[in-house]
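Trainee: Chain by chain, the residues:
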Amino acid sequence: MKRRTFLKNTGLASAALWAPSFLNHLPGQTNGKILIVIQLSGGNDGLNTIVPYRNDKYYELRPDIAISDSEVLRVTDELGFNPSLSDLQSLYDEGWVSIVNNVGYPNPNRSHFRSMDIWQTASDSREYLTSGWLGRYLDSQCNGCESPHYALELGQGLSLALKGEQRLGFAMNDLRQMERTNKNPLLSYLGQQDTPDHEHEEVAYLYKTLLDTQSSTKYLLEQTGGRRSRANFPATPFGRDLRQVVELILAGNTSKVYYVSLGGFDTHANQKGPQGRLLSIYAEGVKALAEELNKHNLWQDTLVMTFSEFGRRVAQNGSRGTDHGAASNLYLLGGNLRQAGFYNNGPDLTNLDKGDLKYQVDFRNVYANVLDSWLGASSTSILNKHFDDLGII
Amino acid sequence: MSDRIKHLYQRAGFGASPEEWEQLKRQGFLGALEQLFTQAHAAPPLTVASFEDLAEATMEDRRKAGRMLTQSYTLEWLDRMADPTESALLERLTLFWHDHFACRSILGHLAIQQLNTLREYALGSFRDLCLAVAKDPSMIRYLNNQQNKKNSPNENFARELLELFTIGRGNYTEQDIKEAARAFTGWGSNYKGIYRFRARAHDYGQKTFFGQSGRFNGEDIIRIILDQRESAEFLVRKFWDYYVSAPADEGLIQELTSVYYESDYHTETLLRYLFAADWFYDQRFRGGQIKSPIVLLIGLRKTLGLQFGKPAAQARLLRALGQTPFDPPNVAGWPGGRHWIDNATLMLRLNIGAGLLSKRELDLRFRDQPELEILSDPSTRKLEAVVNLQSLLPMMTGTDLVADFGTLSDYLLPGPSRIDMTSLVGLVDNTEGEERLRRMLLVLFSLPEFQTC
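Protein chains in written order, with this note's numbering: chain A, 1 to 393; chain B, 1 to 453.
Calculated from the structure, these hints are not laboratory results.
Beta carbons: idealized from backbone N, C-alpha and C, even for Gly.
You may find that some hints are simply not true.
Footprint (simulated), chain A over chain B, 3 or more residues, beta carbon under 8 Å [as the list claims (entries may be wrong)]:
{"hint": "1", "region": "317-331"}
{"hint": "2", "region": "341-352"}
{"hint": "3", "region": "434-447"}
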């Protein structure tokens, strides 16, 4: 058919004329491991999440917002879970949870945006990188990651974490809207145009991104048409995102890295109620995820890493809330952890830095562990320097 | 010649409305070039709000009010960029400085003050601009110079001054940073956002900086840094990326560096030289710039005469596309170029035109982001605007499709397109007048080529 009359004849149909290069051959063998990153945005108060319920200093500095030792879900002689985390506790009891205390980085930054960038790019506090740590993992030529949806973010935009220098992850928003966009005949048509000689390489780059997007969208729409999970995910956007992740995994989707966020943790005022609600949404969600994947024998191939850009000030503020702090705790969940339980002791509340917890473990040590032991990559080149492996994964 | 005018106005400004385009072509290239500078010199300063205008009692409420004010200044700025009676050159250059001296200003009265400073010195001497920014309350707060005191120096501002604002890495030592930080001790601002030199916090001692010794203060430090030719070259590379947007041509970089250095950092001299140079209009430098979200938005506003139902939806759109004024990703500014593009931003970009022209809903929803409560106003989730095609219609023959496509592409695209327009004849069959124009525009706005200039 001549292009001249293409649109006239096919009207609004015709999506599948283009043949995405990566679908023509099967993706390379991956090690089958799946990484799910959960970002708690706004700065989760780690001290009221993993509670040092035997620590007098904790109760002294937080007279109104501390979790009392009668409320706390005790785990060790020193530390317990926030009462909203009973679902996480049951995963903990299965040996599926590892908690790293006092995670942070030198010269902590207390701006949400800057600190989030530091976590997402794995930079030093004084270093400004324009690519993310998972994006650089994509750049490292991992098996199968030539397709953008290899690293999939659920949400409206693509986080810096998933942007490499050469390769990008894929942001998946509302599926119906993506489907509409993908059926746009004009954009489908544009995706197939040959490259003329005069063209600028930036234009060629845009066309390539368009084609890749259309291919990945088509593939993901096919994948999501498949399995439905009946697991009991919370009826919130976060719950729906986790359900989507599980359904994609069950459908045999070739994505290996998933990125999901839960926001609202910036609790400057009256924090107890709101933080508790968010933590229970989180715990309910990851419990449903773990159980569903375990039922299908996929939990041992799954690692869930949960972080927040910073913890909060140890002392409460004047409005029964907490202000931006520094080091905090981080959670690793999975059916195949080398070291479950608490990796290290809780924070020392008598040795603070301007009222904030001091970090003991650099978050990049955790990343190194994830990259080397789980994703089979070289953390030293991705993180631009060597960080010791924690040995948890 | 009209090709030159188009390139000039795309790069030095935000493109041209249909009326401006016709008028500029009549004026000719030299007249169009001169008009850019005439308008810039005629631009009045901004009205700057003071701290007293924020009446809210609690700090939290004042912060919120400050953020709302920042957003309203953003919207006013966008209006100025799109207004043909304002100076596009000055606004685009101010955007350059805002990116260069990247600073997050959540308090509106400080944001507008900084913007006014950038505008005031934009075309003048970089020496004056740099000094004014060093005394700018927003910058003082952002880079912790407020905490920079004799007995406990804070190096943040001094470090970024050297690394990002003036000379760049490889031209100074860690010791230079320490000495520079000492020179800026005591440069602070009071709670109202007014610059204050706190003599008691200032270190009056001897400093050694760039091999020179003396009882230097901040002013001396800036003078010494800018005496180095390397600083002029560093700045020229940033101008190059912004205005030429191509891999560096080292010969031309050196040529521009000489112009800038020998004019003692007179920015207008540099820009006049650049825009008058024949090579600026070379084919190799055209169409290679991926429009920033702001340039894209303002171009659409100019072309379509957009009137937004909820102007704040623009701020939401810009955030979705990755460029929120007064909120750069970090002190290094927006990385730009291909960094603007991922699957989500590209599809949104390619659909904006269709969204505006066909009332198709543009989804601008966000996940909760801390401190961005402005964005949670649900009425700004849809980008709705009234489109005015009246000024484009006279450009059309209405009968000769190939000619009309040609006219529109010539006006909207930087160069030849990947597609042969005549192959899309089916899209406009059986239409006429405004509807026909609307469909042709829909095609052009969907082209990846439209994302470049």
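Trainee: The structure should be examined with respect to each hint, and the outcome stated for every one.
Mentor: Hint-by-hint comparison with the structure:
1. Coverage of the region 317-331 of chain B by chain A holds in this model, with 6 residues showing a Cβ closer than 8 Å to a Cβ of that chain against a need of three.
2. Residues of the region 341-352 of chain B with a Cβ under 8 Å from some Cβ of chain A number 9, which satisfies the need for three, so the listed coverage holds.
3. Counting residues of the region 434-447 of chain B whose beta carbon lies closer than 8 Å to any beta carbon of chain A gives 4, which reaches the threshold of three, so the coverage claim holds.
Consistency with the previously given hints is maintained throughout, with no hint failing.
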